[in-house]
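Engineer: Given the structure of chain A, go ahead and fit chain B onto it with the hints provided.
Each protein sequence line maps, in turn, to chains A and B. If you want the working numbering, it's the 1-based position in the first sequence plus 7. If you want the working numbering, it's the 1-based position in the second sequence plus 7.
Hints were generated in silico from the structure; no laboratory data involved. You may find that some hints are simply not true.
Pairs involving identical chains hold if they fit within one copy or between any two copies, as the list cannot separate such chains.
[Stated by the list, open to error] With a straight-line Cα cutoff of 20 Å, these simulated SDA-like cross-link-like pairs (lysine to any residue) come out: (1) K318 <-> S59; (2) K123 <-> G228; (3) K89 <-> E313; (4) K32 <-> N319; (5) K167 <-> V43; (6) K318 <-> L58; (7) K114 <-> F371; (8) K94 <-> P315.
There are 2 protein chains.
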Amino acid sequence: MTNRFQFNINATDGRARTGVITTPKGDIRTPAFMPVGTAATVKAMLPESVLSTGADILLGNTYHLMLRPGAERIHNLGGLHKFMNWKGPILTDSGGYQVMSLTDLRKLTEEGVKFKSHIDGSVHNLTPEYSMKIQQLLGSDIVMSFDECTPFPATDKQAKSSMDLSMRWAQRSRDAFGDRPGYALFGIQQGSTFKDMREESAEKLTNIGFDGYAVGGLAVGEGQNLMFEVLNYAPNQLPQDKPRYLMGVGKPDDIVGAVQRGIDMFDCVLPSRSGRTGQALTRMGPINLRNARHRDDPRPLDSTCECPCCKNYSRAYLHHVHRAGEIISSMLLTWHNLHYYQVLMEGLRGAIASNSLDTFVSNFHNVRKEGDIEPI
Amino acid sequence: MTNRFQFNINATDGRARTGVITTPKGDIRTPAFMPVGTAATVKAMLPESVLSTGADILLGNTYHLMLRPGAERIHNLGGLHKFMNWKGPILTDSGGYQVMSLTDLRKLTEEGVKFKSHIDGSVHNLTPEYSMKIQQLLGSDIVMSFDECTPFPATDKQAKSSMDLSMRWAQRSRDAFGDRPGYALFGIQQGSTFKDMREESAEKLTNIGFDGYAVGGLAVGEGQNLMFEVLNYAPNQLPQDKPRYLMGVGKPDDIVGAVQRGIDMFDCVLPSRSGRTGQALTRMGPINLRNARHRDDPRPLDSTCECPCCKNYSRAYLHHVHRAGEIISSMLLTWHNLHYYQVLMEGLRGAIASNSLDTFVSNFHNVRKEGDIEPI
Chain A
8 MTNRFQFNIN ATDGRARTGV ITTPKGDIRT PAFMPVGTAA TVKAMLPESV
58 LSTGADILLG NTYHLMLRPG AERIHNLGGL HKFMNWKGPI LTDSGGYQVM
108 SLTDLRKLTE EGVKFKSHID GSVHNLTPEY SMKIQQLLGS DIVMSFDECT
158 PFPATDKQAK SSMDLSMRWA QRSRDAFGDR PGYALFGIQQ GSTFKDMREE
208 SAEKLTNIGF DGYAVGGLAV GEGQNLMFEV LNYAPNQLPQ DKPRYLMGVG
258 KPDDIVGAVQ RGIDMFDCVL PSRSGRTGQA LTRMGPINLR NARHRDDPRP
308 LDSTCECPCC KNYSRAYLHH VHRAGEIISS MLLTWHNLHY YQVLMEGLRG
358 AIASNSLDTF VSNFHNVRKE GDIEPI
Chain B
8 MTNRFQFNIN ATDGRARTGV ITTPKGDIRT PAFMPVGTAA TVKAMLPESV
58 LSTGADILLG NTYHLMLRPG AERIHNLGGL HKFMNWKGPI LTDSGGYQVM
108 SLTDLRKLTE EGVKFKSHID GSVHNLTPEY SMKIQQLLGS DIVMSFDECT
158 PFPATDKQAK SSMDLSMRWA QRSRDAFGDR PGYALFGIQQ GSTFKDMREE
208 SAEKLTNIGF DGYAVGGLAV GEGQNLMFEV LNYAPNQLPQ DKPRYLMGVG
258 KPDDIVGAVQ RGIDMFDCVL PSRSGRTGQA LTRMGPINLR NARHRDDPRP
308 LDSTCECPCC KNYSRAYLHH VHRAGEIISS MLLTWHNLHY YQVLMEGLRG
358 AIASNSLDTF VSNFHNVRKE GDIEPI
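Okay, chain A solo, but in the shape it has when bound:
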């Protein structure tokens, strides 16, 4: 394995790209979906099971981990990889998004964000410098710069002021991160739904120089149409030769549309969270196992799916264990959902490599139209 972080694009199809991000902890095939391991666990999954779904990289949440069990503690125990038994690469967010969405009492200043823990009410100060320190203590392979995720909707004045702050924090993040061979720092583009502001943000980030770039401030309530509108230009404003990451996205059709628009990396709690609420995500669309119609159904969720849930269990069983509140319901549905996401990513990578993305996407939508669709 290399001890460097690098990105090689192997093929393109329209604006879509497929390639490999090389890290000392292993390769990441792109477009990549990163399962979310919020509190040092992908909920209801063992790490070896997550690996078996085809995941190359996990995401960890800086906010949650700094509060519990604490970054110093994880560092003293050998780092996040060892702590949670995941040998592959880990990306950590900066903590900024969770601070703004999960805490009640918070104060945003030029310096950073002061907030109260949602767990024990303790007061913390998250700054670009401290976020870099925490992510380093965790041993994160891909570190996200500290930013403010501009709320939606925002006036152009609000968006500009927020973007400017994030760009100053991006520079401070870059300075604090320093030079750490084998580890990557990603910048985060802001600018809400304003094309010129996105362009300005991209330029500023590119001037600072990052190992990858995220399109931030999307998937915050603007809806798929508006998100795709922004993605029609935003990824192209970022450097072509670096990975582009769309944070917190999304539903399968969000991912497909974003890949078509040049995104390389995704993360989302949807497949794991849905699994815990009894919802299976399949190539035919979502299936709500809570529904009584599944009570006597001997069919698997998807007869073409090779995951342990579909190979071994009927919809009737999944309905039963979900209704009975059994943990195995979360285990099996999360496994299926994460497996489906990885199969989707593999399909997207193959289609780009063979220059047949349009056909793949048409088929993706047709199967969902024809299939075993149930309302969420």
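Structural biologist: Relative to chain A, chain B alone:
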């Protein structure tokens, strides 16, 4: 594989025996511990994980399964084995114990027990004949006869009346079960803590004739001393050449003492239930992961244990995920506990086979005295 149910004793050491119960679905090495799969799942475990701990057979609860999802439904879906993806043998209880302990409104008559479901309040009538029918619909390999578990304490008059009823129900169970090659019916000895009554019960059961015999009415609050007192004579009153099953037992030292007294089979929710409440059962004694002393402890639960929990995770991690309410805490601790129980059974079998049970038992108690013991 044979299509018959049979029991061969390979070695004895004092009153302890080791052998193999042969069934069409696979062999059961005795003394055997059966993990409990109440609602068609061993909570927080996949069946292949349960198998990997060394379990040869699972227990299913007739009461829970008849109410949800229903025995007819499971039958129509191909039986309990297929439903829950467990290919090995399954023993089901008769439902009687849960009816008496889990329902509020119930009426016991000569015919059986009328009760209200704790799930939806529906009214059911459980009789020996119906219990046999349900267990057959489930596809149970070892069927338990329907009895009344005599409450403790009981006067000799109460115990006699209850035992007599259970013996009449045992005959009705035997008649209703009929002749089903490859499937076994076990009778259940009652008689509370009265030696002569236990003897009378054993004689009646032996006259009816069963494929195995359970010592019933223990582990119901009488304490280990009194339980061992009964086990000093009760197993010996039962046929030597048939498996003897102590229902609902127990803690590791209960099992060791019962094996010494001639018991071949056990079931208990303790290893799985403890796992879900943050308690690890180890050869050194119980370890309560909730305790803050584990916060920074890089050691595994037991450095000699080969289970995935001990091979891959620190006490600090287990403390963290338990405190954070993460499902993986239940998954890992249940896995460890079930693994430990199977290692214990393997040790007991080996010790009996090599005629060194006394040494094994001394060592078992010494390690617990010296070890990493914490109060529960």
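Engineer: Decide, hint by hint, whether the structure agrees.
Structural biologist: Against the structure, the hints come out as follows:
Both within a single protomer and between protomers do K318 and S59 lie at most 20 Å apart by alpha-carbon distance, with minima of 14 Å and 19 Å respectively. In this assembly of identical chains, the alpha carbons of K123 and G228 never lie at most 20 Å apart, being 25 Å within a copy and 47 Å across copies at closest. Only between protomers do K89 and E313 lie at most 20 Å apart by alpha-carbon distance; the minimum there is 18 Å, versus 29 Å within a single protomer. For the homomeric pair K32 and N319, the shortest alpha-carbon distance between copies (18 Å) is at most 20 Å, but the shortest distance inside one copy (33 Å) is not.
Taking the shortest Cα distances, K167 and V43 never come within 20 Å of each other, neither inside one copy (30 Å) nor across copies (60 Å). Taking the closest pair of Cα atoms, K318 and L58 come within 20 Å of each other both inside a single copy (18 Å) and across two copies (17 Å). Taking the shortest alpha-carbon separations for K114 and F371, neither the intra-copy value of 44 Å nor the inter-copy value of 58 Å comes in at or below 20 Å. Taking the shortest alpha-carbon separations for K94 and P315, only the inter-copy value of 15 Å comes in at or below 20 Å, while the best intra-copy value is 22 Å.
In this structure, the hints that do not hold are numbers 2, 5 and 7, in rising order.
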